[in-house]
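Colleague: Listed below are the residues making up each chain.
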Amino acid sequence: GENVEQHPSTLSVQEGDSAVIKCTYSDSASNYFPWYKQELGKRPQLIIDIRSNVGEKKDQRIAVTLNKTAKHFSLHITETQPEDSAVYFCALSGNEKLTFGTGTRLTIIP
Amino acid sequence: DTAVSQTPKYLVTQMGNDKSIKCEQNLGHDTMYWYKQDSKKFLKIMFSYNNKELIINETVPNRFSPKSPDKAHLNLHINSLELGDSAVYFCASSQDYASDTQYFGPGTRLTVL
Numbered sequence: 008g009e010n011v012e013q014h015p016s017t018l019s020v021q022e023g024d025s026a027v028i029k030c031t032y033s034d035s036a037s038n039y040f041p042w043y044k045q046e047l048g049k050r051p052q053l054i055i056d057i058r059s060n061v062g063e064k065k066d067q068r069i070a071v072t073l074n075k076t077a078k079h080f081s082l083h084i085t086e087t088q089p090e091d092s093a094v095y096f097c098a099l100s101g102n103e104k105l106t107f108g109t110g111t112r113l114t115i116i117p
Numbered sequence: 007d008t009a010v011s012q013t014p015k016y017l018v019t020q021m022g023n024d025k026s027i028k029c030e031q032n033l034g035h036d037t038m039y040w041y042k043q044d045s046k047k048f049l050k051i052m053f054s055y056n057n058k059e060l061i062i063n064e065t066v067p068n069r070f071s072p073k074s075p076d077k078a079h080l081n082l083h084i085n086s087l088e089l090g091d092s093a094v095y096f097c098a099s100s101q102d103y104a105s106d107t108q109y110f111g112p113g114t115r116l117t118v119l
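Those sequence lines, one after another, are chains A and B. The numbering used here puts the first residue of the first sequence at 8, with every later residue one more than the last. The numbering used here puts the first residue of the second sequence at 7, with every later residue one more than the last.
Please note that the accuracy of each hint is not assured.
Said to hold, decoys possible - Below are the DSS-like pairs computed for lysine-lysine, each with C-alpha atoms no more than 27 angstroms apart in a straight line:
(1) A:K29 - A:K78
(2) A:K29 - B:K25
(3) B:K50 - A:K78
(4) B:K46 - B:K58
(5) A:K78 - B:K77
(6) B:K47 - A:K29
(7) B:K46 - A:K78
(8) B:K47 - A:K78
(9) A:K29 - B:K77
Stated by the list, open to error - In silico contact screen, one side only, chain A against chain B (beta carbon under 7 angstroms); selected entries:
(10) L47
(11) R50
(12) K104
What the hints assert, rightly or not - Label pairs and their computed distance ranges (CB to CB):
(13) B:A9 - A:G23: 32 to 38 angstroms
(14) A:D24 - B:A9: 43 to 49 angstroms
(15) A:N60 - B:K73: 33 to 39 angstroms
(16) A:P89 - B:T19: 18 to 24 angstroms
(17) B:G34 - A:N102: 23 to 29 angstroms
(18) B:T117 - A:Q88: 32 to 38 angstroms
(19) B:R69 - A:G62: 30 to 36 angstroms
Source of the hints: derived by calculation from the structure; they are not laboratory data. Heads up, the beta-carbon is just placed ideally off N, CA and C, and yes, glycines get one too.
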């Protein structure tokens with residue numbers, strides 16, 4: 008099946024600094040790459056996604072970049088705020104399902 | 007928001023019991039899913055249904071039996087519960103399967119004693 012690796016598993020960032028989370032994958036047929044944010048005790052919620060026909064997408068302080076040749080995609084959060092603290096999951100499509108990364112616990116230090 | 011809802015939110019039960027979790031979506035989506043999230047937060051798909059038809063059964067023990075009475079509902083019945091079944095179970099839905107945004111329910115925390 009599809010394999011997706013997510014790094015780092017934990018990340019602590021000073022408030023106001025940037026955070027970057029990276030995922031690599033092996034199935035070149037994947038064409039949809041969403042990112043989900045899960046706050047403590049809550050459901051995963053989509054924060055941004057990208058399809059394989061674009062290389063970058065931005066939504067305010069959040070951006071996602073995709074490199075299909077190298078098979079990796081990254082989440083960038085700028086000007087981090089305490090409410091950005093959560094677990095972030097990358098995912099990708101393939102075989103009629105989404106396969107999720109192992110998650111990154113992001114902690115914003117005030 | 008109640009786009010995807012699940013009941014119950016918490017479920018505590020003894021080993022060996024049988025229990026059910028219900029899921030409903032009012033988004034008009036065709037596809038519904040069950041995920042298991044363990045204590046390490048890994049999110050793993052268990053089943054998906056598209057228009058009441060089983061699409062994915064991800065090597066889940068046959069003690070787990072999903073049922074989709076209509077495309078707005080996907081219930082999960084678990085027989086002979088084991089300690090290892092303790093986890094948070096999330097239902098999700100999407101307009102179509104594979105390359106589409108999935109919306110998650112609030113989760114059901116199952117604890118098997």
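Colleague: Confirm or reject each hint.
Modeller: Quick rundown of the hints versus the structure:
1. Simply put, K29 of chain A and K78 of chain A have alpha-carbon atoms about 11 angstroms apart, close enough for the 27 angstroms limit, and the pair holds.
2. About 38 angstroms separates the Cα atoms of K29 of chain A and K25 of chain B, which puts this hinted pair outside 27 angstroms; it is violated.
3. Between K50 of chain B and K78 of chain A, the direct Cα distance comes to roughly 21 angstroms. Compliance with the 27 angstroms bound is thereby established for this hinted pair.
4. With a C-alpha separation of about 31 angstroms, the suggested pair K46 of chain B and K58 of chain B falls outside the 27 angstroms cut-off, and the hint is violated.
5. Proposed proximity of K78 of chain A and K77 of chain B is contradicted: the alpha carbons are some 35 angstroms apart, above 27 angstroms.
6. Note on K47 of chain B and K29 of chain A: the hinted pairing holds, with a Cα-Cα distance of about 18 angstroms set against a maximum of 27 angstroms.
7. Straight-line distance between C-alpha atoms of K46 of chain B and K78 of chain A comes to about 26 angstroms, which keeps the hinted pair within the 27 angstroms bound.
8. Of the pairs offered as hints, the one joining K47 of chain B and K78 of chain A holds, with about 24 angstroms between alpha carbons and a cut-off of 27 angstroms not exceeded.
9. Of the supplied pair hints, the one linking K29 of chain A and K77 of chain B is violated, its CA atoms being roughly 35 angstroms apart against a limit of 27 angstroms.
10. For the restraint placing L47 of chain A at the interface with chain B, the shortest Cβ-Cβ distance is roughly 10 angstroms, beyond the 7 angstroms limit, so the hint is violated.
11. Taking 7 angstroms as the C-beta contact cut-off toward chain B, the hint placing R50 of chain A at the interface holds, the least distance being around 4 angstroms.
12. At its closest, the beta carbon of K104 of chain A sits 5 angstroms from a beta carbon of chain B; the interface hint therefore holds under the 7 angstroms criterion.
13. A hinted range of 32 to 38 angstroms holds for the C-beta pair A9 of chain B and G23 of chain A, which are about 34 angstroms apart.
14. The hint said 43 to 49 angstroms for the Cβ distance between D24 of chain A and A9 of chain B, and at roughly 34 angstroms that hint is violated.
15. At roughly 38 angstroms, the beta-carbon separation of N60 of chain A and K73 of chain B lies within the given 33 to 39 angstroms, and the hint holds.
16. Distance hint check: the CB atoms of P89 of chain A and T19 of chain B are about 37 angstroms apart, inconsistent with the given range 18 to 24 angstroms.
17. For the pair G34 of chain B and N102 of chain A, the supplied restraint of 23 to 29 angstroms holds, since their beta-carbon distance comes to about 25 angstroms.
18. The hinted window of 32 to 38 angstroms between T117 of chain B and Q88 of chain A holds, with their beta carbons roughly 33 angstroms apart.
19. Distance hint check for R69 of chain B and G62 of chain A: the Cβ-Cβ separation is about 45 angstroms, which falls outside the suggested range of 30 to 36 angstroms.
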